[in-house]
Every structure is written in C-alpha cells, then in structure tokens.
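Quick note, the sequences are listed as chains A and B, same order.
Just so we're aligned: 291 in the numbering used here is position 291 of the first sequence, and the numbers increase by one with no gaps anywhere.
Just so we're aligned: 132 in the numbering used here is position 132 of the second sequence, and the numbers increase by one with no gaps anywhere.
No lab work stands behind these hints, which were simulated from the structure alone.
Cβ coordinates follow ideal geometry from the N, Cα and C atoms, glycine included.
Among the clues, some could well be false.
[Said to hold, decoys possible] Distance windows between CB atoms, simulated:
| no. | chain 1 | residue 1 | chain 2 | residue 2 | range |
| --- | --- | --- | --- | --- | --- |
| 1 | A | M1 | B | F223 | 28 to 38 Å |
| 2 | A | A174 | B | H296 | 47 to 57 Å |
| 3 | B | V40 | A | D170 | 41 to 51 Å |
| 4 | A | A175 | B | S322 | 33 to 43 Å |
| 5 | B | Q261 | A | M74 | 17 to 27 Å |
| 6 | A | E173 | B | K334 | 19 to 29 Å |
| 7 | B | H308 | A | N139 | 52 to 62 Å |
| 8 | A | D170 | B | S226 | 55 to 65 Å |
| 9 | B | F223 | A | S87 | 48 to 58 Å |
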Amino acid sequence: MILRDKLQSDPGFQYIIDSLNLISAAGRRALLDFPFLTTPEAVNAELDNLETVIDVISVTDNLHTVSEIKHHLMCLHDSQGTVANLSQHSVINEVELFEVKNIAYTAAAVSRSAEPLGLKEIFSLPDLSDVFSLLDPDNTGLPHFYIYDSYHPDLPDIRKRLKQLQARTDDPEAATLYADLFAQHNDIQHSVEAKLSQQLWASADRLALAVKRLAYIDLLFAKAGLASAWNFTRPQIAPAKQPAEEPQVITQYKGLFNPRLLHRNQEHRLRYQPIDIIVHPGLYLITGANMAGKTVLLKTLGIAQLLTQFGMYVPAESATVSLVDDVIFCIGDEQNEMNGLSSFASEIIKISEVVQLSASQRLLILIDEPARTTNPVEGKAIVQALSDILISRNSFSLITTHYSQLGVPCRRLRIAGFREDLANATLSPENINLFMDYSLVEDNSDTVPQEALRIATLLRCDESLIQKALQHLKNQ
Amino acid sequence: MPFLKNILSSRSLSIVGLEKNTGKTVCLNYVLRRLHELGVSTAVTSIGVDGEQTDSVYATAKPEVTLYEGMYLITSERHYLQRRCVSEILDLSNQRTALGRLLTARILSSGKALISGAAATAILAQQIEHFKQQGIQLTVIDGALSRLSLASPTVTDSMILATGAAVSPNLQQLISKTRFVCRLIDLPEVEPAIRTALYQATSGLWALDSDGLAHDLNIPSVFMLSSANSDLFRYGTTLFASGAVSDRLLKILAAKEEIKQITLIVRDFTKLFVTPEVYNDFVRRGGSLMALRKSHLAAVTLNPTSPHGYALDSHTATQALSDALNLPVYDVMKIEQ
Numbered sequence: 001m002i003l004r005d006k007l008q009s010d011p012g013f014q015y016i017i018d019s020l021n022l023i024s025a026a027g028r029r030a031l032l033d034f035p036f037l038t039t040p041e042a043v044n045a046e047l048d049n050l051e052t053v054i055d056v057i058s059v060t061d062n063l064h065t066v067s068e069i070k071h072h073l074m075c076l077h078d079s080q081g082t083v084a085n086l087s088q089h090s091v092i093n094e095v096e097l098f099e100v101k102n103i104a105y106t107a108a109a110v111s112r113s114a115e116p117l118g119l120k121e122i123f124s125l126p127d128l129s130d131v132f133s134l135l136d137p138d139n140t141g142l143p144h145f146y147i148y149d150s151y152h153p154d155l156p157d158i159r160k161r162l163k164q165l166q167a168r169t170d171d172p173e174a175a176t177l178y179a180d181l182f183a184q185h186n187d188i189q190h191s192v193e194a195k196l197s198q199q200l201w202a203s204a205d206r207l208a209l210a211v212k213r214l215a216y217i218d219l220l221f222a223k224a225g226l227a228s229a230w231n232f233t234r235p236q237i238a239p240a241k242q243p244a245e246e247p248q249v250i251t252q253y254k255g256l257f258n259p260r261l262l263h264r265n266q267e268h269r270l271r272y273q274p275i276d277i278i279v280h281p282g283l284y285l286i287t288g289a290n291m292a293g294k295t296v297l298l299k300t301l302g303i304a305q306l307l308t309q310f311g312m313y314v315p316a317e318s319a320t321v322s323l324v325d326d327v328i329f330c331i332g333d334e335q336n337e338m339n340g341l342s343s344f345a346s347e348i349i350k351i352s353e354v355v356q357l358s359a360s361q362r363l364l365i366l367i368d369e370p371a372r373t374t375n376p377v378e379g380k381a382i383v384q385a386l387s388d389i390l391i392s393r394n395s396f397s398l399i400t401t402h403y404s405q406l407g408v409p410c411r412r413l414r415i416a417g418f419r420e421d422l423a424n425a426t427l428s429p430e431n432i433n434l435f436m437d438y439s440l441v442e443d444n445s446d447t448v449p450q451e452a453l454r455i456a457t458l459l460r461c462d463e464s465l466i467q468k469a470l471q472h473l474k475n476q
Numbered sequence: 001m002p003f004l005k006n007i008l009s010s011r012s013l014s015i016v017g018l019e020k021n022t023g024k025t026v027c028l029n030y031v032l033r034r035l036h037e038l039g040v041s042t043a044v045t046s047i048g049v050d051g052e053q054t055d056s057v058y059a060t061a062k063p064e065v066t067l068y069e070g071m072y073l074i075t076s077e078r079h080y081l082q083r084r085c086v087s088e089i090l091d092l093s094n095q096r097t098a099l100g101r102l103l104t105a106r107i108l109s110s111g112k113a114l115i116s117g118a119a120a121t122a123i124l125a126q127q128i129e130h131f132k133q134q135g136i137q138l139t140v141i142d143g144a145l146s147r148l149s150l151a152s153p154t155v156t157d158s159m160i161l162a163t164g165a166a167v168s169p170n171l172q173q174l175i176s177k178t179r180f181v182c183r184l185i186d187l188p189e190v191e192p193a194i195r196t197a198l199y200q201a202t203s204g205l206w207a208l209d210s211d212g213l214a215h216d217l218n219i220p221s222v223f224m225l226s227s228a229n230s231d232l233f234r235y236g237t238t239l240f241a242s243g244a245v246s247d248r249l250l251k252i253l254a255a256k257e258e259i260k261q262i263t264l265i266v267r268d269f270t271k272l273f274v275t276p277e278v279y280n281d282f283v284r285r286g287g288s289l290m291a292l293r294k295s296h297l298a299a300v301t302l303n304p305t306s307p308h309g310y311a312l313d314s315h316t317a318t319q320a321l322s323d324a325l326n327l328p329v330y331d332v333m334k335i336e337q
C-alpha cells in the first residue's frame, strides 16, 4: 500500500499532503509512492531522518545552506524517462545527455551542501563524478551541455567551416555546401551521442539511485518544513510485541488537532479545542450531541495514524501510536450513485469488508454512525452485531452512534457537548461553537445524550416543527 | 533602417503579423541581424507552438529564424533537436508543450532554428523578467495575433506590426484594416493603480467605483449580457471586461443613456473582436475604451506582395500607409537592402 492509495480516504488528510511544499516533480512522485510503513523499526528509522532534518532547519545559521540545497533541487528535471532509456541501453540525445549531466551536478552539489549540516549520511547520494567528467570534457564545472568540440577530432574543423559558410548563405553554392556540411556535422554529433550513451549505460543504476535519493531529500525537507510550521510532534511508536505482564499496547494523543479544521476556524476567528484520547485495542462506542464533533474525532484519529505510518509527524502535543496494517474510514460519504449503490448499500459493503479483514489483520477502524440510513429496529441490531464482533478483535475500533441501550460490554466515550455556561455571549447559530465542550469523558451508562431538539432550537429551526416534535415525545 | 532606435530603449519586443504572409519572419530575421551587428545582447522566444504557421502535429512549415553567436534562445525540445546551429543547453523547464519541454540555450555559432515557446502570458512575462535580470538587453518574441493563443504579445514593452497585400490587395482596404488594428493597439493604458485593483478580476464583467475599488457585476460572461440589464452602472460607469469583447457588448453599451460617461477597460487589444463599424459607433456616441496593458507600437512593416501573386507598388503603399498611421512604415522586402 502506498500513499497514493490513501490520498482520497479523507479530505483533511489530503489537505495536509497538498500542503507539503515539494520542489521537484520527482519529489512529488516520491511522496505519492511512499509506502505505508508497518513495523516500528521502519517508522522509527524514517522519523529519525525527519527529526535530524527538523533539527537542522530550526537553526537559523543553517538556513542559507538549506536554501542552497532547495535551489539545487529546483533545478532537478523530471528525468525518469531518460534514466530508463539508459538502463534499456538506448542511445540518448543531447537534451537527455544534458539531463544526465544535470543529475550528476545536482547530486554533487547537494552532497557538498549536506556535509557541513551533517546530513550527508542521511542523504547517502551516490558518487557520480565520473559521469559528470564524461559530460564535461572541457572542465567547465557548469551544468550546461552540448556536443563539445573535444568529443570528436573532426568537430572543430567542421564547425569552423560551417561558420565561414553561414556568413555567405546568400550565395546558392555556399548554401548547398553548408547544407551538406551540416548533415555531416549532425552525423558526427549522433556518433558522439551513441558513444557517450554506451559509456553511460553502466551508470544507469547509480543515476536512478541518485534521482530516487534526491526525490527523497525533497520529500524529507517538505515533511520537515510542514511539521515545524504547523507545530506537529514526533509520535512515539508502541513496540510491536510486548510481554504479557507489560501494560497493553495503546495509542494515545494529547492535544490532538485537525489542521484543516484548525485553519478554517482560525480564518473565521473561531475557537478550536484540541482533544486528549487514549485508545486500547478493542471497541469504543462514541456518543455525543449533534455538532459535538464525533465525526471530526474519527477523521482526526485516522489522519494521525496515516501520517505516522507514512513517516510524518502528527498534529498533537504528544503522541504514542500503535501501528496497524491499515486504516479503514467508513465515514458515510461513501455513497456512489455512479455505482448504482444507495448510501446504505455502500456502507454495509464496507462494514462487511471490515468484519472480514479484521479477522486476520490489525486495523484502525473508524465507523461513523453505522446503519443510520435504515430503520432503527434493524439498524440497532446491525450495530449490536458489529459491536459483538469487533469487541473481540485485535483491532482498534471506534464507532460513533446515536443508538441507546446497545447492551455491548465495551468502553464508551462521550463528547462532553453543549454547555451554556461555557461562554459569556448571546447564543446564535454562528457562535454555537463557543458553547461546545469537545473534550472526551468516559461514560458508563448505556444511554446516549438526547439533545437533538435543543440544538435544533439553537439553530433557530422552525418553531412549529419543534413544538410538534416535543408533543410526540411526550405522547410516547 | 532606423526603427531599431525606437526599440533599443525597451527591454522586450514582440513582432506580430496581421495575416499570414505579411513578412513577419523576414522582419524578425532583420531585427535579429541588426541587433547582432549592434552588439545588443538578445534573447529570442515565441508565443505558443501554434503561432500562426506551425502545424504542431508535424512541426513543419514554420520558417526558420537565423540566430547569432551569443544570443539566448527558448524553444521546445523537438525544435531544438532540429536546429541548424551550434548551441549549448543551459536549462530545461518542466513546462511542457505539444513539442516537448521548453529549454533555454545559448548560440555558440550562428545558424538557423525553429522557435516555439510558452502559451501563457504569465510564463512569457517570467521569461522576460528572468532574461532582464540576467542582463540581457532585449527579449524578442515571435508573436501571434491568434485567437488560439492564450498569451498576448502585449506582455512586451514594444511591438512591430507586419501587414501587407495578404491582408487585402486593395490599398484603401489594406490601409483601413491596418489603421483599425493600430488604433486598437494604441488604446490608452490605465493607471497602474487601476491595474492593481483589477488584478483579482479574472472572469466576467467588473465595475470600478469612484474610490477605485473593483466590484464583480456577477455577470459570468459578457456574452450573457442583454440590454435588459439595467443596473450595470450601480458602481459607476467605468467597466472592465476580463475576457473577450464582441460587437454585442459595445452595441449594448452604445445604446445606454450614460454612453458619454462610459469607459470600457479591456485586458488588451487582442481581446477585442469587434468590427470597425461598431467600434466607431461606440466612440462617436462618446464611449471610451482603455486597455489594462499596451505595447508601444514602434513600427509597421509592409509586404507589398500577396501570396496570390498580386503586388502593390512599394513606394506608394508605404507612403500612403505611413501617412494614414502617422508611424514609420517599411517595405519588409526592401529593409534588407
């Protein structure tokens, strides 16, 4: 599984990925091809590299050298095709030779800049000085390229004659001579291109490695830049296997936030409340009033898990993350009319997948109000059945629901919800956010908060509708 | 030929042809040769790959341009590989065209090349700026007056217009058609402050109020405007059309009571697709037109020969056109002499 497969899973995740400031096309590709890491060793190795780069960019004195590296990366072209041509032992033309020279030049320049920053080892760029020398026969040290005179004994003379003839192309005789001579010149150029290509074939793997490493460096800087700019933190990774006497593996966040929502709230000058949460393997039922942020909680947990396992820092004050084999979002925007499926159908298919997958894999399962689009009698039974199954699985399952009396012996978390005493302002649909307490509390009761009508009133819902609803409640 | 004096004071120049076969390439070649002789550091590129003459599928039929030692060139990969000169690649951009990526090269030994370039005004502007910073004195753009091209030659400081018998074999018609285009090129340019205010206006019709603030009139396209729109002037009578302007808009405005106060700002003259009759009527009723950007029209060249074999008398035609335009006019076939 690679990042590309997970990009669509949540808009908030995509928002973070889109905000990575990648400089090169190769870097962008490296990002999309980045694997979902599932062992603590792999994640920690990645986070170690990231931490080193974050430390480097946080020192003001280093910024000049860092921008030097970024400048070199900016000059990197999308040379994947050229390197592939070389590894297939094709002859490449002068534009492609220029690209090869550019890779060698950039690798050397980045390596040189990395040394004083102590990043040379992390970058581990292959030495391509032989490639550069081959393509720089006159020792200019510049990344420019053409078929230099020194590549062929006949070139200097032929070019001299071309120049003389060019000056008098008005003369038809000279023009014919010129055309013949230029054809000859091009033949020589092509023979040089063929010879140079042959000499480069053996270096194709090293060139491919250099492009891959340079792309990785671009990605590393982008991840580091975002982590420091957005106050992300390095997650601790829970060990994969623990002895039985140790406390169980858990995922735990302090001050977890959703960057997309935070930024939107900041833009509208609204308050944002980060949350603290501890998750053990097993099942959690999450309850809370409408607008209390249940869905956001699920999404944010999913985002933080994805970020960790794609080797990034997470949006929290502190975090411990247990690795999983996959993150499954079932957030209710799965409806796909194009497939001819109703919202219930696509949801139930996804839930069935979750049930089957979780038998063999450890997952982070995030299901928002399952079976809410069907009748409450059967719907409740489906949620009960789902809970019965997930409670014994080794996965981390979080389900939000409005159903009461499910009778499932699992942990329950309730979002504190609406509190009129929270702010000193007049309530309105616009500032309802001020009166929400988004923190999580352990809840031992099997009933859910019934605040729908209260919230509806606050949202200035039609009075007659609310009055009638209250009447119906009374009659029940 | 003296028109180079006008050009040397500017940092960028576009050469555009009113029709095919008006001698644009001859003119471009002449300008480049003179710049070379005068030792002016020069860069050359083109608007788009379509231009007027290239077939971007076969990449043929576009006349080659002679480039001289030391000149800088931006062209596409494919055209670069077909060049007949010795040159060195300096940079390769990630901008792709139908003919491959654009690359920058320096000419090491004079010769000919096909030129293609970026199809977006913003990229052309960046390239001109880049060359400026590199100390290149003049960037010459092989321009196009094509509806196909998104880029506008008004991105350059000055402009040379190529016209000729290909436009019309009748001298009076040739003069009147050329004069009309010159008048549009020469529309007065707005103040920089207005340009800044309208920076955000990328689509539809806008109005400028008396404080110079821009307001979207929420008319997605001027083509959807009808004479029934009564509150066009709720912010004032200075309007900005961000896209193409046709006879339709000018007619609607000309019929308004407020016509004498109306100023219509267009992006540049290439966005005006209007007939002389409607334009003249709009102006006669008291309406005025302005452009967000204009290039200084430095000269007009004339090709007295039409592709159908008809030829105008060179001396009479250049003289008559020059008198009508009040601009220097040169016979493109004689400038080499």
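Structure-based check of each hint:
no.: 1; hint: A:M1 with B:F223: 28 to 38 Å; result: 49 Å, violated
no.: 2; hint: A:A174 with B:H296: 47 to 57 Å; result: 39 Å, violated
no.: 3; hint: B:V40 with A:D170: 41 to 51 Å; result: 23 Å, violated
no.: 4; hint: A:A175 with B:S322: 33 to 43 Å; result: 34 Å, holds
no.: 5; hint: B:Q261 with A:M74: 17 to 27 Å; result: 50 Å, violated
no.: 6; hint: A:E173 with B:K334: 19 to 29 Å; result: 25 Å, holds
no.: 7; hint: B:H308 with A:N139: 52 to 62 Å; result: 58 Å, holds
no.: 8; hint: A:D170 with B:S226: 55 to 65 Å; result: 60 Å, holds
no.: 9; hint: B:F223 with A:S87: 48 to 58 Å; result: 53 Å, holds
Consistency note: the structure conflicts with the earlier hints numbered 1, 2, 3 and 5.
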